[in-house]
Amino acid sequence: MRTTPTAALEVALGLPPLDLFIQQEAAMALIRLKHLGLWHKRGGSHSKLWDQLVEYEPLIAAPCDRIPKHHIFTRRYYIQIHGNDRDQSGINEVRIYTDGSKTRSGTGAGVFSQDLNINISLALGQHSSIFQCECVAITYAATTAISRGIKDYNTSTGTARYIQWGNPPMD
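Heads up: the sequence shown at position 100 corresponds to 243 in this note's numbering, and the numbers run straight through without jumps.
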């Protein structure tokens with residue numbers, strides 16, 4: 144096979160030509176750097192690549208909702224997860240229920256608490272993941288609880304585990 148042309152091998156193996164693959168990877172890196180605010184035009188020939196990409200595909204210039212991973216090593220909260228689902232709440236406890244959901248018509252988050260008189264539904268558009276929706280609901284519930292002077296929290300959700308340990312599921 145040493146004499147087989149590279150183009151024939153690429154077709155046989157289902158690989159794109161090397162020059163096109165490199166261009167694709169460079170374009171993806173440029174888009175990632177641009178949306179993270181790390182791309183700066185400095186007058187070189189490579190700085191014209193963004194303009195060429197936008198001219199070819201204008202949607203590339205649209206705003207991006209990518210959220211870079213942010214590690215917080217000095218966490219100032221503790222999440223306690225109970226092993227059973229029985230209601231063990233006492234008289235002085237406030238219950239807040241949260242949920243995130245995704246349907247064909249879109250995504251959303253909900254927060255309910257009869258104790259705090261909260262009944263909120265938040266529409267989050269078409270492109271949020273269920274995990275993101277649940278995080279929005281938990282954040283809203285926690286912010287509301289803090290604003291009303293509640294300092295201790297207990298949770299039984301899987302999402303709270305992911306918030307604590309930092310490994311969100313892909314859905």
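No lab work stands behind these hints, which were simulated from the structure alone. Idealized CB from N, CA, C, for every residue including glycine. It cannot be assumed that every hint is accurate.
Below, simulated DSSO-like cross-link-like pairs (lysine-lysine); rule was C-alpha separation at most 27 Å, straight line [claimed, not checked]:
no. : residue 1 : residue 2
1   : K184      : K212
2   : K294      : K245
3   : K177      : K191
4   : K191      : K245
Label pairs and their calculated CB-CB ranges [said to hold, decoys possible]:
no. : residue 1 : residue 2 : range
5   : Q167      : P206      : 21 to 27 Å
6   : L265      : A155      : 48 to 54 Å
7   : G292      : S248      : 36 to 42 Å
8   : T286      : G180      : 25 to 31 Å
Now the hints, each set against the structure:
1. K184 <-> K212: At roughly 25 Å apart (the allowed maximum being 27 Å), K212 and K184 satisfy the hint.
2. K294 <-> K245: violated, 30 Å
3. K177 <-> K191: holds, 13 Å
4. K191 <-> K245: The given pair, whose Cα atoms are some 40 Å apart, is violated under the 27 Å limit.
5. Q167 <-> P206: 21 to 27 Å: holds, 22 Å
6. L265 <-> A155: 48 to 54 Å: At roughly 52 Å between Cβ atoms, A155 and L265 fall inside 48 to 54 Å, so the hint holds.
7. G292 <-> S248: 36 to 42 Å: holds, 37 Å
8. T286 <-> G180: 25 to 31 Å: For T286 and G180 the Cβ distance comes to about 27 Å; the hint holds.
Hint compliance for this structure: hints 2 and 4 are broken, all remaining hints hold.
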